[in-house]
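A.B. asks: I would like the entire structure built from these sequences, with the hints used as guidance.
Each chain is listed here by its residues.
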Amino acid sequence: MSDNIVGEKAGLMWAVQISVVALVILWLIPTVGLLVSSFRDRDQISASGWWSAPFPVEETFRARASGDPVQENGVFVIAGSVFADPENTARFPDGQGEVAAFGTRGIEPGAYPAGEVVEIDDGETLVVNSDGTFRFTSVEEPGGRGQRIYFEALTPPEFTLGNYRTVLTADNMDRAFINTLTVAIPSTVIPILIAAFAAYALAWMQFPGRGLLIAAVVGLLVVPLQLALVPLLNLHNQIGIGQSFLGIWLAHTGFGMPLAVYLLRNYMVGLPRDIIESAKVDGATDFEVFVKIVLPLSFPALASFAIFQFLWTWNDLLVAKVFLPSNSEAQVMTVKIADDLLGSRGGDWGILATAAFVSISVPLAVFFLLQRYLVRGLLAGSVK
Amino acid sequence: MAELVLEDVSKAYGPIEVLRHIDLHITTGELVVFVGPSGCGKSTLLRMIAGLERISGGTFEIDGVRMNDVPPAKRGIAMVFQSYALYPHMTVRDNMAFGMKIAKRPKAEIDEAVENAARMLQLEPYLNRLPKALSGGQRQRVAIGRAIVRDPKVFLFDEPLSNLDAALRVATRIEIAQLKERMAGSTMIYVTHDQVEAMTLATRIVVLNGGGIEQVGAPLDLYERPANTFVAQFIGSPAMNLFKGQTIACGEQTVVELETGGTVTLPIRSLEADKGMGVSLGVRPEDLTPSDDAGFITGEVEIVEGLGETTLLHLKNGAESGPTIAKLPGIHRIGRGQSLHLSAGPEKLHLFDPNGVSFLHRA
Numbered sequence: 001m002s003d004n005i006v007g008e009k010a011g012l013m014w015a016v017q018i019s020v021v022a023l024v025i026l027w028l029i030p031t032v033g034l035l036v037s038s039f040r041d042r043d044q045i046s047a048s049g050w051w052s053a054p055f056p057v058e059e060t061f062r063a064r065a066s067g068d069p070v071q072e073n074g075v076f077v078i079a080g081s082v083f084a085d086p087e088n089t090a091r092f093p094d095g096q097g098e099v100a101a102f103g104t105r106g107i108e109p110g111a112y113p114a115g116e117v118v119e120i121d122d123g124e125t126l127v128v129n130s131d132g133t134f135r136f137t138s139v140e141e142p143g144g145r146g147q148r149i150y151f152e153a154l155t156p157p158e159f160t161l162g163n164y165r166t167v168l169t170a171d172n173m174d175r176a177f178i179n180t181l182t183v184a185i186p187s188t189v190i191p192i193l194i195a196a197f198a199a200y201a202l203a204w205m206q207f208p209g210r211g212l213l214i215a216a217v218v219g220l221l222v223v224p225l226q227l228a229l230v231p232l233l234n235l236h237n238q239i240g241i242g243q244s245f246l247g248i249w250l251a252h253t254g255f256g257m258p259l260a261v262y263l264l265r266n267y268m269v270g271l272p273r274d275i276i277e278s279a280k281v282d283g284a285t286d287f288e289v290f291v292k293i294v295l296p297l298s299f300p301a302l303a304s305f306a307i308f309q310f311l312w313t314w315n316d317l318l319v320a321k322v323f324l325p326s327n328s329e330a331q332v333m334t335v336k337i338a339d340d341l342l343g344s345r346g347g348d349w350g351i352l353a354t355a356a357f358v359s360i361s362v363p364l365a366v367f368f369l370l371q372r373y374l375v376r377g378l379l380a381g382s383v384k
Numbered sequence: 001m002a003e004l005v006l007e008d009v010s011k012a013y014g015p016i017e018v019l020r021h022i023d024l025h026i027t028t029g030e031l032v033v034f035v036g037p038s039g040c041g042k043s044t045l046l047r048m049i050a051g052l053e054r055i056s057g058g059t060f061e062i063d064g065v066r067m068n069d070v071p072p073a074k075r076g077i078a079m080v081f082q083s084y085a086l087y088p089h090m091t092v093r094d095n096m097a098f099g100m101k102i103a104k105r106p107k108a109e110i111d112e113a114v115e116n117a118a119r120m121l122q123l124e125p126y127l128n129r130l131p132k133a134l135s136g137g138q139r140q141r142v143a144i145g146r147a148i149v150r151d152p153k154v155f156l157f158d159e160p161l162s163n164l165d166a167a168l169r170v171a172t173r174i175e176i177a178q179l180k181e182r183m184a185g186s187t188m189i190y191v192t193h194d195q196v197e198a199m200t201l202a203t204r205i206v207v208l209n210g211g212g213i214e215q216v217g218a219p220l221d222l223y224e225r226p227a228n229t230f231v232a233q234f235i236g237s238p239a240m241n242l243f244k245g246q247t248i249a250c251g252e253q254t255v256v257e258l259e260t261g262g263t264v265t266l267p268i269r270s271l272e273a274d275k276g277m278g279v280s281l282g283v284r285p286e287d288l289t290p291s292d293d294a295g296f297i298t299g300e301v302e303i304v305e306g307l308g309e310t311t312l313l314h315l316k317n318g319a320e321s322g323p324t325i326a327k328l329p330g331i332h333r334i335g336r337g338q339s340l341h342l343s344a345g346p347e348k349l350h351l352f353d354p355n356g357v358s359f360l361h362r363a
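Protein chains in written order, with the working numbering: chain A, 1 to 384; chain B, 1 to 363.
It should be emphasised that the hints constitute simulated quantities derived from the structure, not laboratory data.
Hints may contain errors.
Just a few of them, taken from the derived set where beta-carbon distance is under 10 Å, the chain B residues facing chain A [to be verified]:
(1) I77
(2) F81
(3) K101
All residues carry an ideal CB built from backbone N, CA and C; glycine is no exception.
C.D. replies: See the structure below:
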């Protein structure tokens, strides 16, 4: 029977597929949530979760029974519509809506169902009907600014680009976006350039001390970067780089190099020896072998390291805080979100979701652009 | 024109000596085949000639110029690898042009050389394909074409056919033979463990074993006059039968008494001092014929392998060296357990001294 033939579906295939689906869902839930929230109105975000975004939301509003009281049968009556209240005209521009419940105190905004006549103390009554009309009666002439009415009304789902407008234009966020790119791109390109040369030498050139160098690179992989922050910044200050973009490029290059050399060297050493020897016999120097043979064939390794390094430098907060000046001209997005937005707008979920989504959109784009290079089979046809 | 001289060449990896005392002289237009069992150092020797392995001792010259420390590119060689070693990201055309592009030759010259090589190998329809879109035989032809384009003094082939299937191997072997005819002035060195390739392609064969040269000679020379028991058993299939015995008379003719009984008279000269020596008598399976009289071997048939064109008989005759094999032309319906007498013409017999050296080659 064909159960164990290579290429046929194995018995545990369903388990693999379920795991994949589970992982995809696990990853998609917060991302989609962030994306949906970034388009929602801040009041709707606090009223309901992102998964109910397409449905009307029951929100709490308030109005005042203000206006000129009319005397009817010895009581003063104030009538009107809660939707016509100046506080609510922005959300109910046509003055229409549906009241589900109402109340007279802020802590119990939906204490009574619509249409119920409620006795407030000292001879006042209030009723709010589901179409929004209210009737307030009082034995004494109402004074002051009028009775507070709280009510819960269904509001249609509302999507807005306002959050993006705020995030991208206000508060120097556009500047932070550019700054992050300024940090991340050179911090990805420089280490790849240097590491590719080093990896070729460590993989394919004979020289004394090669083994020790490789061991040193592996050893450096496990050194925590926090260890180097202060001495490195000191060094930068002493040699005149100080806190600057050049400084953070150098820092990211240094911190990323061990992994880059290690990954690329391991990939390059796995290239078929015959191809490299064939190129040598064909007259190629080490540099030509590197540029014309090894580099094109190492593209998958280069791409995967580029993705790693770009994501890490894009999302980095710690190195940016240490090596960049703290003024707002040099802030990157992570610093901006952590320092400014979480501080001053901590409650504004719409803005936070939008800022977060803006900051993950570039890594997502980078990943989807480069993932097609992460293919196997680049060596097909060369040997055997 | 290319003349290769290896003098006392050796190779050691640390204390382990893999090649020693290699003396070889290869002249222009030869196709020399290095053959031997795996681990005998034949590929290492080729790679030393290519410049891919350092030469630990001795000298190696091409056209009188010492090559020991010259990089591969400057030796005027081209090499075809067992695994083809095509550049997977380049088209067939770029693969073949690579060497000349590195040498910064004019484009017209490169194009012409590539077209010529492609025509010779019938690769013209595939010039713009990537190696992965080619079959195994086509890939090997590209690898050969890449070598031709470089117009080297010496072609080196490292087991070029061992990755091909049987039918393709035969076809490509013939192509290489034709290629050699067309490029009569080129010198080629070819490494293989397949003695059919060695016998059919070579102008001279170098038999290597355990890091040293056992014998150098023309293919049929090795077959007819092997220098020692190793070459005798390595060349020819099935391997030569060896029987232990003792010389009882010496002179222009040598008389040997076999351990299994019977005496044989050989037309091989021996010295009086050799009398009483323990020798090995060699006879090829295809030289054995059934005879009515006692012959010199009598054995019981153990296995019969009928191949149609030939029949292989494995006979048990009490010799220590295992069964005797006879290769009879045509179909023979012989049952197992049957007793059989075999004989061979005296001129077909080989005689080796206790060290395994042939009496014909003794100093």
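A.B. asks: Report the numbers of all earlier hints that the structure fails to satisfy, in ascending order.
C.D. replies: Result: no hint breaks.
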